[in-house]
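Asker: Chain by chain, the residues:
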Amino acid sequence: MAEEASEGSRIWRIVLDVLKPHDPSLPEFAEKLGAMEGVEGVDVALLEIDKETETLKITVDGELDYSKIRSKIEEWGGVVHSVDEVVVGQKSIR
Amino acid sequence: MAEEASEGSRIWRIVLDVLKPHDPSLPEFAEKLGAMEGVEGVDVALLEIDKETETLKITVDGELDYSKIRSKIEEWGGVVHSVDEVVVGQKSIR
Amino acid sequence: MAEEASEGSRIWRIVLDVLKPHDPSLPEFAEKLGAMEGVEGVDVALLEIDKETETLKITVDGELDYSKIRSKIEEWGGVVHSVDEVVVGQKSIR
Amino acid sequence: MAEEASEGSRIWRIVLDVLKPHDPSLPEFAEKLGAMEGVEGVDVALLEIDKETETLKITVDGELDYSKIRSKIEEWGGVVHSVDEVVVGQKSIR
Amino acid sequence: MAEEASEGSRIWRIVLDVLKPHDPSLPEFAEKLGAMEGVEGVDVALLEIDKETETLKITVDGELDYSKIRSKIEEWGGVVHSVDEVVVGQKSIR
Amino acid sequence: MAEEASEGSRIWRIVLDVLKPHDPSLPEFAEKLGAMEGVEGVDVALLEIDKETETLKITVDGELDYSKIRSKIEEWGGVVHSVDEVVVGQKSIR
Amino acid sequence: MAEEASEGSRIWRIVLDVLKPHDPSLPEFAEKLGAMEGVEGVDVALLEIDKETETLKITVDGELDYSKIRSKIEEWGGVVHSVDEVVVGQKSIR
Numbered sequence: 019m020a021e022e023a024s025e026g027s028r029i030w031r032i033v034l035d036v037l038k039p040h041d042p043s044l045p046e047f048a049e050k051l052g053a054m055e056g057v058e059g060v061d062v063a064l065l066e067i068d069k070e071t072e073t074l075k076i077t078v079d080g081e082l083d084y085s086k087i088r089s090k091i092e093e094w095g096g097v098v099h100s101v102d103e104v105v106v107g108q109k110s111i112r
Numbered sequence: 019m020a021e022e023a024s025e026g027s028r029i030w031r032i033v034l035d036v037l038k039p040h041d042p043s044l045p046e047f048a049e050k051l052g053a054m055e056g057v058e059g060v061d062v063a064l065l066e067i068d069k070e071t072e073t074l075k076i077t078v079d080g081e082l083d084y085s086k087i088r089s090k091i092e093e094w095g096g097v098v099h100s101v102d103e104v105v106v107g108q109k110s111i112r
Numbered sequence: 019m020a021e022e023a024s025e026g027s028r029i030w031r032i033v034l035d036v037l038k039p040h041d042p043s044l045p046e047f048a049e050k051l052g053a054m055e056g057v058e059g060v061d062v063a064l065l066e067i068d069k070e071t072e073t074l075k076i077t078v079d080g081e082l083d084y085s086k087i088r089s090k091i092e093e094w095g096g097v098v099h100s101v102d103e104v105v106v107g108q109k110s111i112r
Numbered sequence: 019m020a021e022e023a024s025e026g027s028r029i030w031r032i033v034l035d036v037l038k039p040h041d042p043s044l045p046e047f048a049e050k051l052g053a054m055e056g057v058e059g060v061d062v063a064l065l066e067i068d069k070e071t072e073t074l075k076i077t078v079d080g081e082l083d084y085s086k087i088r089s090k091i092e093e094w095g096g097v098v099h100s101v102d103e104v105v106v107g108q109k110s111i112r
Numbered sequence: 019m020a021e022e023a024s025e026g027s028r029i030w031r032i033v034l035d036v037l038k039p040h041d042p043s044l045p046e047f048a049e050k051l052g053a054m055e056g057v058e059g060v061d062v063a064l065l066e067i068d069k070e071t072e073t074l075k076i077t078v079d080g081e082l083d084y085s086k087i088r089s090k091i092e093e094w095g096g097v098v099h100s101v102d103e104v105v106v107g108q109k110s111i112r
Numbered sequence: 019m020a021e022e023a024s025e026g027s028r029i030w031r032i033v034l035d036v037l038k039p040h041d042p043s044l045p046e047f048a049e050k051l052g053a054m055e056g057v058e059g060v061d062v063a064l065l066e067i068d069k070e071t072e073t074l075k076i077t078v079d080g081e082l083d084y085s086k087i088r089s090k091i092e093e094w095g096g097v098v099h100s101v102d103e104v105v106v107g108q109k110s111i112r
Numbered sequence: 019m020a021e022e023a024s025e026g027s028r029i030w031r032i033v034l035d036v037l038k039p040h041d042p043s044l045p046e047f048a049e050k051l052g053a054m055e056g057v058e059g060v061d062v063a064l065l066e067i068d069k070e071t072e073t074l075k076i077t078v079d080g081e082l083d084y085s086k087i088r089s090k091i092e093e094w095g096g097v098v099h100s101v102d103e104v105v106v107g108q109k110s111i112r
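Chains as they are written, first to last, in the working numbering: chain C, 19 to 112; chain F, 19 to 112; chain U, 19 to 112; chain E, 19 to 112; chain S, 19 to 112; chain W, 19 to 112; chain G, 19 to 112.
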């Protein structure tokens, strides 16, 4: 993504605030994310539930490509409200 | 569940908000969950107690199938109010 | 207790909210619990003290049978107000 | 103390709320407790200080006999207001 | 930077409060920082989001040169509101 | 101090609330305490500063004799307001 | 500094509340401190920022001489508002 990306620099973690309809269900949504290439772990927490939608805090770990993750979330009916945290570098600092 | 699930991706943890009648008792309910195939550990915490019902926070760890867990809970008289957290991936990120 | 209990699934921890008269004293009550078969550790904390009664938070660890614990507590003059947490499984998830 | 105490079950920790006059001083009081048979460690924290008295939170660790500890505290001029926590068992669960 | 810098003394961590327009996106911004020479890890957290701008808390770890980091942030359209923390020395004290 | 002190029982930590004039300075005061026999470590934290005095929270670790510590503090112009915590025993329980 | 300082007793950590003008910048200020003899690590955190000044919480680790640190801070235009904590002894108790 970044043109001057050095050897070995990568995104390790992305935390997203996402709105989605009830279908697919939260566990299905999490499993779909977990099955993506480069994704090693996913934690999906429910922040708010409404008659028609759910607001989720999604934490994705792995060797990540944000634009692909965002595309998939939109393909499954979700909307990324905000990117709340990104961890980048040669090694994780968390 | 997710059709494109990659080799090795699985649900490690599910946290549920469940309403149930007093019978079966909380310890019996926990034991039944603990005896399910794929379940390695269960923590059932009482959130609210009412004249006729109890609201529980149930944390299940293992190699999990959410639809089977939900079916069993309903079979035992419980209702899943919400799925509060799901952890998925090749390895646990908690 | 649970008829379909799998090999190796057991209750590891029970947290109880208990009301008891001043006699037996809190340390005697704790010692009696600690001496029960299957009980490995007990933590009894005083939540409230009244003219005639004490409210206790009792945490019991071991290989536990809730109905036996409850019977004993009642035999010693206590009343189980609520079961606040139960941890079950092949291994502890706490 | 408990007649049915099993082999190996013992009190590991007692937490007390104690009122005492200024004399003996807090350090002397702590040293006296620390010198009792079966006591391995003592932490005495000052909760409140008054013109004539001090309220202490006393945590005693070891292989403990509550009635002896209470007798000694009374002998030194203190009063046990309440037993706030007792940890019992074959092994400590703290 | 400091003329009398001793052998081995260096900046290990800088925490910045930065304002930036929505473009480049937060993940791109983080990747650009992570690709800089001397930078080993970057954590970019979103503090506030506005119609036209985002306020970020940026934590950079590595062997750092603050003036270069500041120049790059300005080159990418950001403004450093404040330097909130700097860790310096022969070894990290965090 | 305690006449019946058993072999091996000792004071490991004393926490004091102390009032002192500005001179000697807090670092000098801390160094003087740290240089006393039996003292292994000292942490002096400033709680309040006034025109003429400072209130300190002093934590002393080692093999301690409270009466000697108190005498020295008074010799250097300080007053012990209260002994806030004493840890005693064969081994530290902190 | 303390005349009766025993062999091996030293200051391990000093925490200061310092006011300084904007120039030198916080990172330069931190680097200067980090380059001093005996200083092993420095953490400079911004507490307040004003039109003309910054209030800093400075934590210095190493084998420290407070009077030298204070002189240098004053030489660079800063004022020590208060010494908030000093850790002294044969070994660190933090």
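Hints in this document: simulated from the structure, not taken from any laboratory.
Keep in mind it's a predicted model, so treat the numbers as computed, not measured.
Where a beta carbon is used, it is the ideal one built from N, C-alpha and C, also for glycine.
Some hints here could point you the wrong way.
Stated by the list, open to error - Derived DSBU-like pairs: lysine-lysine, alpha-carbon spacing no greater than 30 angstroms straight-line:
(1) E:LYS69 <-> W:LYS75
(2) G:LYS90 <-> G:LYS69
(3) E:LYS75 <-> W:LYS69
(4) E:LYS75 <-> U:LYS38
To be verified - Short derived list, chain F residues pointing at chain U, Cβ under 7 angstroms:
(5) LEU37
(6) PRO39
(7) ASP41
(8) LEU44
(9) ALA53
(10) GLY56
(11) GLY59
(12) ASP61
(13) ALA63
(14) LEU64
(15) LEU65
(16) GLU70
(17) GLY95
(18) VAL97
Asker: State for each hint whether it applies.
Answerer: Evaluated hints:
no.	hint	result
1	E:LYS69 <-> W:LYS75	holds, 21 angstroms
2	G:LYS90 <-> G:LYS69	holds, 24 angstroms
3	E:LYS75 <-> W:LYS69	violated, 34 angstroms
4	E:LYS75 <-> U:LYS38	holds, 23 angstroms
5	LEU37	violated, 16 angstroms
6	PRO39	violated, 14 angstroms
7	ASP41	violated, 13 angstroms
8	LEU44	holds, 4 angstroms
9	ALA53	holds, 5 angstroms
10	GLY56	violated, 10 angstroms
11	GLY59	holds, 3 angstroms
12	ASP61	holds, 5 angstroms
13	ALA63	holds, 5 angstroms
14	LEU64	holds, 5 angstroms
15	LEU65	violated, 10 angstroms
16	GLU70	violated, 14 angstroms
17	GLY95	violated, 14 angstroms
18	VAL97	violated, 19 angstroms
In terms of the numbered hints stated before, the structure departs from hints 3, 5, 6, 7, 10, 15, 16, 17, 18, listed from lowest to highest.
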